[in-house]
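Student: With the hints as extra help, turn the sequences into a complete structure.
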Amino acid sequence: MLVAAFDPGRNVGFALVDQAGELLNAKILEAAELERLPLPDAARVVIGDGTGSEELRHLLERRGFTPLLVDETGSTLEARRLYFRDHPPRLPWRLLPAGMWWPPRLIDDYAAYAIALRFLQGKAGTPA
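Counting in my numbering, the sequence shown runs from 1007 upward without gaps.
The hints are simulated quantities; they were obtained by calculation from the structure and are not laboratory data. C-beta atoms are modelled at their ideal positions from N, C-alpha and C, and glycine is treated no differently. There's no promise every hint is true.
[To be verified] Pair by pair, the computed Cβ-Cβ distance ranges are:
| no. | residue 1 | residue 2 | range |
| --- | --- | --- | --- |
| 1 | Glu-1060 | Leu-1101 | 41 to 49 Å |
| 2 | Arg-1111 | Ala-1037 | 17 to 25 Å |
| 3 | Thr-1072 | Arg-1100 | 21 to 29 Å |
| 4 | Gly-1015 | Pro-1110 | 17 to 25 Å |
| 5 | Leu-1101 | Glu-1041 | 38 to 46 Å |
| 6 | Arg-1069 | Gly-1105 | 38 to 46 Å |
[What the hints assert, rightly or not] Straight-line alpha carbon distances no greater than 20 Å define the calculated EDC-like cross-link-like pairs of lysine to aspartate or glutamate that follow:
| no. | residue 1 | residue 2 |
| --- | --- | --- |
| 7 | Lys-1033 | Glu-1061 |
| 8 | Lys-1033 | Glu-1084 |
| 9 | Lys-1033 | Asp-1055 |
| 10 | Lys-1033 | Asp-1092 |
| 11 | Lys-1033 | Asp-1047 |
Tutor: Quick look at the structure:
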């Protein structure tokens, strides 16, 4: 099973994750890119339930997908943790407490990854 997860908002995060929780693809999309984004037909589509989720849900439904809403509370903090797991800070940043580390780029794609992991852990919300 593949999970195609979206973090809605001004910047839309996207993550494609396999059943074992491995991140296969991730990117930050602009609205125009959403309609052209290739998604595997067999992927389970999930959306964070925050701002912009309704519009994103309608777009994905027009493409033939039936997305599920997943609670995205705290997903930004989880995204930071996942980002630094995959991209450990170098010196001198590594000497600071982890709470003071700040990613050098937007991490909406990692927020989508966090949403996918929640779905895989059985913390999915309701049908969109």
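Student: Hints first: check each against the structure and report whether it holds.
Tutor: Here is what the structure says about each hint:
Checking the proposed 41 to 49 Å range against Glu-1060 and Leu-1101 shows it holds: the Cβ atoms sit about 44 Å from each other. Taking the beta carbon of each, Arg-1111 and Ala-1037 are about 19 Å apart, inside 17 to 25 Å as hinted. Between Thr-1072 and Arg-1100 the C-beta distance comes to about 43 Å, which lies outside the given range of 21 to 29 Å. Gly-1015 and Pro-1110 have their C-beta atoms about 19 Å apart, which keeps the hinted 17 to 25 Å range intact.
In this structure the hint that Leu-1101 and Glu-1041 lie 38 to 46 Å apart at CB holds, the actual value being about 45 Å. With their beta carbons about 39 Å apart, Arg-1069 and Gly-1105 fall inside the hinted range of 38 to 46 Å. For a cut-off of 20 Å, the pair hint linking Lys-1033 to Glu-1061 stands: about 19 Å separates their Cα positions. This hinted pair checks out: Lys-1033 and Glu-1084 have alpha carbons roughly 17 Å apart, not beyond 20 Å.
Between Lys-1033 and Asp-1055 the CA atoms are separated by roughly 19 Å; this keeps the pair inside 20 Å, and the hint holds. Between Lys-1033 and Asp-1092 the alpha-carbon distance is near 15 Å, which keeps this suggested pair within the 20 Å criterion. Restraint check: the Cα-Cα separation between Lys-1033 and Asp-1047 comes to about 19 Å, which is no more than 20 Å; the hinted pair holds.
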